[in-house]
Amino acid sequence: MNQSILPSSTSKGNLRFREIIKSNPALLEEVADAKIFNEIAHQLYTLRREKGFTQKDLADKIKLKQSHISRWEKAGYQGYKIKVLSKLARTLGGSLEVNLRPRSHNYTVYCKYEEKDQTSYPNGIVHTRTESLVLPVTISAFGSK
Amino acid sequence: MLPSGIIYTVCQMELEGVYPVADFLESLVNDTKSFGAVVDGMRRMSDPRWHGTPNTTKLKGDPYKGIFELRMKCGNRYLRLPFIFSGECEAVLMFGEIKKKAAPTPTFMNRARAYRDKLNSKEANYEPIDFTQFDE
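Line order of the protein sequences matches chains L and D.
The letter at position 117 of the first sequence is residue 122 when you use my numbering, and the numbering goes up by one with no holes.
The letter at position 123 of the second sequence is residue 126 when you use my numbering, and the numbering goes up by one with no holes.
FYI, nobody ran anything at the bench for these hints, they're computed from the structure.
A virtual CB, placed ideally from N, CA and C, is assigned to each residue, including glycine.
Just so you know, not all the hints are guaranteed correct.
Pairwise CB distance ranges, derived in the manner of DEER restraints [unchecked claim]:
1) D:Gly-20 with L:Gln-83: 32 to 38 Å
2) D:Gly-90 with L:Ser-75: 19 to 25 Å
3) L:Glu-34 with D:Lys-68: 37 to 43 Å
4) L:Ser-100 with D:Ala-105: 55 to 61 Å
5) D:Val-32 with L:Lys-70: 37 to 43 Å
6) D:Asp-138 with L:Thr-51: 29 to 35 Å
7) D:Ser-124 with L:Arg-95: 28 to 34 Å
8) D:Gly-20 with L:Lys-66: 55 to 61 Å
When you get a sec, could you build the whole thing from the sequences and use the hints?
Here it is, written out as structure tokens:
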């Protein structure tokens, strides 16, 4: 067998993943949650580095141990408290923003355009030409599913 | 530990129509927490923004023989996916296993070695994992 890298979008392996996801929609929620917590860890790390603080410096400022900061910057940590995050953000000269918002849904509606063109000829014949075009229109809506 | 800041293309192995990594993820369908941890670990390997070192280690019992391991801890269990490097920064995940202890079993090691040899001898294919399909 010749070894080759197959294209990702249509490959059988990725189609298998799609089937697995379809079988339990809660799986995607778990993946999305992990992504959010990773983002918090990354933002905390970036802000601390931008300020030129070490983990120890930051821990001293908020009167906690360095190991706490290390844990919060680690992947997979999911035990953040909003109050602590707010305190951290303030100490680092930033602010905490939490957005709870309804999920946006995109609906694709197909619109049909028709254009009629009539041509009259001197011999009395009227020729009608109709052109139709189907175009996708994406509408963004906020609210329930 | 592998150095951070390198962009890895995370791939999965395919051997005679069988995808062991997909089979492993399928076995976690009812264990959403573990599923999330595995996908997150795989995605972080290919994320150039991620500041920490990837959760990867040289596999104990096979030092310097080209087998690495992506390891996540979920509760009291270790979710482990051995992988090798192929080409330029392509990490090829071979299969997955759940274990309670950190040390790999002989069965695990033998399977990892067999798959590594299949990949090196080009008897097995590999393909990149598309992580966009895991976005809601």
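Verification of the supplied hints:
One distance hint, 32 to 38 Å for the beta-carbon pair D:Gly-20 and L:Gln-83, holds here, with the actual separation near 37 Å. Between D:Gly-90 and L:Ser-75 the beta carbons are some 34 Å apart, a value that contradicts the proposed interval 19 to 25 Å. The hinted window of 37 to 43 Å between L:Glu-34 and D:Lys-68 holds, with their beta carbons roughly 39 Å apart. In this structure the hint that L:Ser-100 and D:Ala-105 lie 55 to 61 Å apart at CB is violated, the actual value being about 41 Å.
A C-beta distance of roughly 39 Å is found between D:Val-32 and L:Lys-70, which places it inside the suggested range of 37 to 43 Å. In this structure the hint that D:Asp-138 and L:Thr-51 lie 29 to 35 Å apart at CB is violated, the actual value being about 22 Å. A hinted range of 28 to 34 Å for the beta carbons of D:Ser-124 and L:Arg-95 is inconsistent with their spacing of about 58 Å. Taking the beta carbon of each, D:Gly-20 and L:Lys-66 are about 57 Å apart, inside 55 to 61 Å as hinted.
Checked against the numbered hints above, the structure breaks hints 2, 4, 6, 7 and satisfies the rest.
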